[in-house]
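There are 2 protein chains.
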Amino acid sequence: MTDTEFVIEPGRQDIVMIRVLDGPPDLVFRVVTDPELIPRWWGPHHLSTRVERMEVAPGGRWRFANVDARGREHFFSGVYHAVVPAERYVRTWEFEGAPEEVALETVTLTALDGGTRYTARSVHPSVEARDAIVKAGGPRGGRESMDRLAALVVSQM
Amino acid sequence: MTDTEFVIEPGRQDIVMIRVLDGPPDLVFRVVTDPELIPRWWGPHHLSTRVERMEVAPGGRWRFANVDARGREHFFSGVYHAVVPAERYVRTWEFEGAPEEVALETVTLTALDGGTRYTARSVHPSVEARDAIVKAGGPRGGRESMDRLAALVVSQM
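Read top to bottom, the protein sequences are chains A and B.
Residue numbering for the first sequence follows the numbering used here, beginning at 1 and increasing consecutively.
Residue numbering for the second sequence follows the numbering used here, beginning at 1 and increasing consecutively.
Rather than coming from a laboratory, the hints here were simulated on the basis of the structure.
Beta carbons are placed, not taken as given, at the ideal position from N, Cα and C, and that holds for glycine.
Please note that a few of the clues may not be correct.
[As the list claims (entries may be wrong)] Which residues of chain B face chain A? A few of them, derived with a C-beta cut under 10 Å, are:
#1 I8
#2 G11
#3 R88
#4 T92
#5 E101
#6 D131
#7 R140
[Said to hold, decoys possible] Sample of chain A residues at the chain B side, in silico, Cβ under 10 Å:
#8 G11
#9 A86
#10 R91
#11 E101
#12 H124
#13 S145
#14 R148
#15 S155
#16 Q156
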């Protein structure tokens, strides 16, 4: 299994996460936009995810709950802008505990020989907001999600 | 009348626009969130603006048309995230001709002695996307909007 690569440059406002997946872009797009499959890959390992809403279309909303072992819930939500099947989507991303620290996430799927390069670029309101996400373990959670997504894509071939 | 200040640093993804306005934050917030007043200040001088939708609340949508002298229309739209009266709002901002180049705009109002510092920070998906907005005259249009807003705020006191 390949690894997840991060590009987090000092003084910038974005986090880029790249993972090569063993399936074609149309399959990967179908997997990452399927609300039924989200609980099987999205979020850190030690939390479970419940999808409350996920309308993958321009203007559509999404809202997920992350649930810990004691049943405490944390909500994440946002709105889709551009959605181009098998290629790309753009959405906002808000942790409801910090509603002013909205991020803008662009996920791009690029066809490779026998696979897909999944690139998620998250842009944050400030360098400080981005650095806080990094410090809070965002990349670790992203890596755990990517490992599960990689296995899930293979299982859906 | 004071001038509009821009912070546009090389290699960064944001544009910060700052203007001191001669009215208190609650008045400024009321003016900038009033759909009836938008056509009197929003957008470059040579275009008129029509508000199609403007729901200033978390999850609310906005959509404006810029209309040129020949009647051609260009649409801008997005969604509000955080909205804190008299203090701040966060919204997305999309030119519908380039739906993947979404920006995230945070407008912050800070009370000054006898006025308000209006700070609009727009974060773009990439340095290239930000630089393209600058090259296309975004700051010039912003400055024209700020001049009209400054006069409008005084007229609403």
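Outcome of the hint check:
1. I8: Where the cut-off is 10 Å and the nearest Cβ of chain A is about 14 Å from I8(B), the hint is violated.
2. G11: Hint holds; G11(B) Cβ to chain A Cβ min 8 Å, cut 10 Å.
3. R88: 7 Å, holds
4. T92: Hint on T92(B): holds, closest Cβ of chain A at ~6 Å, below 10 Å.
5. E101: 9 Å, holds
6. D131: 14 Å, violated
7. R140: At 24 Å from the nearest chain A Cβ, R140(B) fails the 10 Å test, so the hint is violated.
8. G11: G11(A) check passes; min Cβ-Cβ to chain B is 8 Å, inside 10 Å.
9. A86: 15 Å, violated
10. R91: With Cβ-Cβ at 9 Å, under 10 Å, it holds.
11. E101: Check passed: Cβ of E101(A) comes within 9 Å of chain B, closer than 10 Å.
12. H124: Because about 7 Å separates H124(A) from the closest Cβ in chain B, which is inside the 10 Å limit, the hint holds.
13. S145: 21 Å, violated
14. R148: 26 Å, violated
15. S155: 30 Å, violated
16. Q156: Violated, because the Cβ-Cβ distance from Q156(A) to chain B comes to roughly 26 Å (cut-off 10 Å).
Hints 1, 6, 7, 9, 13, 14, 15 and 16 from the earlier list are contradicted by this structure; the remaining hints agree with it.
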